[in-house]
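Colleague: Sequence:
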Amino acid sequence: MDALKHCLLAKEADKHTLQSCSCGSVDAKWTIHCMDCQFSAPTCSTCFMQNHRHSPFHWVERWNGRFFEHCEISMLRHIITLGHNGERCPLVDYTKAKATPFTLVDCNGIHRVLLVFCGCLRADSLRFEQLLLARIFPATVDDPETGFTFECLQDFHIQTLVSKKTAYNHLKSLQMKTDNCFPERVSDPIKEFLRVSRIWRMLLASKRAGQWHGIDDGGEDGLSGSFPHWQAGRVVMPCLVCSEPGFNVSETWDIADWDAVDDEFIHLASYFLSADGHFGLQCKDKFDDPDDISMCKGHGIFPPTKWFTKFMKHHQKASPQKSNCMSFRVMEMQNKLKFKGSIVTGVVAIQCARHRVFTSAVDMSAGE
Numbered sequence: 000m001d002a003l004k005h006c007l008l009a010k011e012a013d014k015h016t017l018q019s020c021s022c023g024s025v026d027a028k029w030t031i032h033c034m035d036c037q038f039s040a041p042t043c044s045t046c047f048m049q050n051h052r053h054s055p056f057h058w059v060e061r062w063n064g065r066f067f068e069h070c071e072i073s074m075l076r077h078i079i080t081l082g083h084n085g086e087r088c089p090l091v092d093y094t095k096a097k098a099t100p101f102t103l104v105d106c107n108g109i110h111r112v113l114l115v116f117c118g119c120l121r122a123d124s125l126r127f128e129q130l131l132l133a134r135i136f137p138a139t140v141d142d143p144e145t146g147f148t149f150e151c152l153q154d155f156h157i158q159t160l161v162s163k164k165t166a167y168n169h170l171k172s173l174q175m176k177t178d179n180c181f182p183e184r185v186s187d188p189i190k191e192f193l194r195v196s197r198i199w200r201m202l203l204a205s206k207r208a209g210q211w212h213g214i215d216d217g218g219e220d221g222l223s224g225s226f227p228h229w230q231a232g233r234v235v236m237p238c239l240v241c242s243e244p245g246f247n248v249s250e251t252w253d254i255a256d257w258d259a260v261d262d263e264f265i266h267l268a269s270y271f272l273s274a275d276g277h278f279g280l281q282c283k284d285k286f287d288d289p290d291d292i293s294m295c296k297g298h299g300i301f302p303p304t305k306w307f308t309k310f311m312k313h314h315q316k317a318s319p320q321k322s323n324c325m326s327f328r329v330m331e332m333q334n335k336l337k338f339k340g341s342i343v344t345g346v347v348a349i350q351c352a353r354h355r356v357f358t359s360a361v362d363m364s365a366g367e
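For the sequence shown, the residue numbers in numbering that gives the first Met the number 0 are 0 to 367.
Source of the hints: derived by calculation from the structure; they are not laboratory data. Using N, Cα and C, we set each Cβ at its ideal position, and we do this for glycine too. Heads up, a few of these hints could be off.
Pairs of lysine-lysine residues, derived as DSS-like cross-links and limited to a Cα-Cα distance of at most 27 Å, are as follows [unchecked claim]:
1. Lys296 to Lys309
2. Lys337 to Lys296
3. Lys285 to Lys190
4. Lys312 to Lys296
5. Lys296 to Lys285
6. Lys296 to Lys190
7. Lys283 to Lys312
8. Lys176 to Lys206
9. Lys176 to Lys164
10. Lys337 to Lys283
11. Lys305 to Lys285
12. Lys283 to Lys305
13. Lys283 to Lys296
14. Lys176 to Lys190
15. Lys339 to Lys312
16. Lys283 to Lys163
17. Lys285 to Lys309
18. Lys339 to Lys305
19. Lys283 to Lys309
20. Lys339 to Lys309
21. Lys305 to Lys206
22. Lys163 to Lys285
23. Lys285 to Lys164
24. Lys339 to Lys190
25. Lys305 to Lys337
26. Lys164 to Lys206
27. Lys190 to Lys171
28. Lys28 to Lys10
29. Lys296 to Lys163
30. Lys176 to Lys4
31. Lys14 to Lys4
FRET-style restraints, in silico, Cβ to Cβ [stated by the list, open to error]:
32. Lys10 to Arg207: 49 to 55 Å
33. Gly340 to Leu132: 46 to 52 Å
34. Met311 to His266: 58 to 64 Å
35. Cys119 to His354: 47 to 53 Å
36. Arg197 to His69: 57 to 63 Å
Produce the complete structure using the sequences and hints provided.
Modeller: Here it is, written out as structure tokens:
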């Protein structure tokens, strides 16, 4: 245990602190230490900023005369330039240019950085476009002041799929990483984070489904006709292993072809679907944001809301009375009062039975 304590304490300080920096600059002392570089030696502030042109979101420990103090890289007057891969823009006068304060959320915390946008004549792109090209997703397209790195959004997406972590808890953990003693002092862009993470997931789903590459369009890309039975604009990946006529099974497949297949391999050309419902997924009839609309517009797993509502009005029938058959005990346990006040009483989904790939789902509105 003593050896473990010694090694852990050894990284709290460095015996070379306050020595003259090897860069040879006047009054340059080793007073800066990086908290995120795996192998980091103390440097002066000038060398630190030079070495972190491509890692501008690392945390800084600066010697204040008594201990290493946690601080932002912007406190060293480090300015992040967009449009030049971390290098300075030749058309920006950094002695006069007014850097833009910017709240940036990364995997290691919430930063307050200084940004300078590209001033080249060829840089006719808008500010939000320059941010996106720097792998920073802005919270708005009009004069953005807050942004999230692509790595942060990707990490949160994986966390929600694996651990079911909420956006609130994820952002709170980033606040703790920023200031573990006083997290309430750290910026809390929860509204921006919710909006951006939702758009991020939609964009990635559209990209994975081939919509960015014209998979629905005829033309020279060679993608037209690959999935002849796809719905136009679909953003959900199908089961690429199961039989899909025109894709991995001949479009002209008929009964004669089935007869020619050996019984031992008939499953290879079969498509197995299963249906199941979950009636714990209810939605109460309560006040909701009228602007909170689906971004998929019916191109995901669920059908368009307006179309499905109209469909149900014409096809929905009153449910029959409970069965007297004692062998079907689930019906005996049903009570419509448990669905009182619910506009959605459950969800029924269809999926590939062999590979568990969801193909479609609908909301129920009349109980089980």
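Colleague: Does the alpha-carbon distance linking Lys283 and Lys309 stay inside the 27 Å limit?
Modeller: Distance of about 20 Å is within 27 Å: holds.
Colleague: Just to be careful, I want the Cα atoms of Lys14 and Lys4 compared with a cutoff of 27 Å; is the pair within it?
Modeller: Holds: Lys14 and Lys4 sit about 17 Å apart, inside 27 Å.
Colleague: Is Lys283 within 27 Å of Lys312, Cα to Cα?
Modeller: Given that 27 Å is the threshold and the Cα spacing comes to 19 Å, the pair holds.
Colleague: For the pair supplied as a hint, Lys305 and Lys337, confirm whether the alpha-carbon distance does not exceed 27 Å.
Modeller: Since the Cα atoms of Lys305 and Lys337 sit roughly 26 Å apart, the hinted pair holds (cutoff 27 Å).
Colleague: Assess, step by step, whether the Cα of Lys285 is no farther than 27 Å from the Cα of Lys190, and give holds or violated.
Modeller: The given pair, whose Cα atoms are some 21 Å apart, holds under the 27 Å limit.
Colleague: Using the C-beta atoms of Gly340 and Leu132, is the stated range 46 to 52 Å upheld?
Modeller: Between Gly340 and Leu132, where Cβ atoms are some 48 Å apart, the hint holds.
Colleague: Do the beta carbons of Arg197 and His69 sit within 57 to 63 Å of each other?
Modeller: 32 Å, violated
Colleague: Hinted pair, alpha-carbon criterion (27 Å max): Lys337, Lys283. Please report holds or violated.
Modeller: 11 Å, holds
Colleague: So if I understand the rule, the pair passes when the alpha-carbon distance is 27 Å or less; does Lys28 with Lys10 pass?
Modeller: 19 Å, holds
Colleague: Next pair to validate is Lys305 with Lys285; report whether the Cα-Cα distance is within 27 Å.
Modeller: At roughly 18 Å apart (the allowed maximum being 27 Å), Lys285 and Lys305 satisfy the hint.
Colleague: Between Lys296 and Lys285, does the CA-CA distance stay at or below 27 Å?
Modeller: Given that 27 Å is the threshold and the Cα spacing comes to 22 Å, the pair holds.
Colleague: Against the 27 Å threshold, does the CA-CA distance of Lys296 and Lys163 hold or violate the hint?
Modeller: Status holds; Cα separation ~25 Å.
Going through the hint list in order, the structure does not satisfy hints 2, 8, 24, 32, 34, 36.
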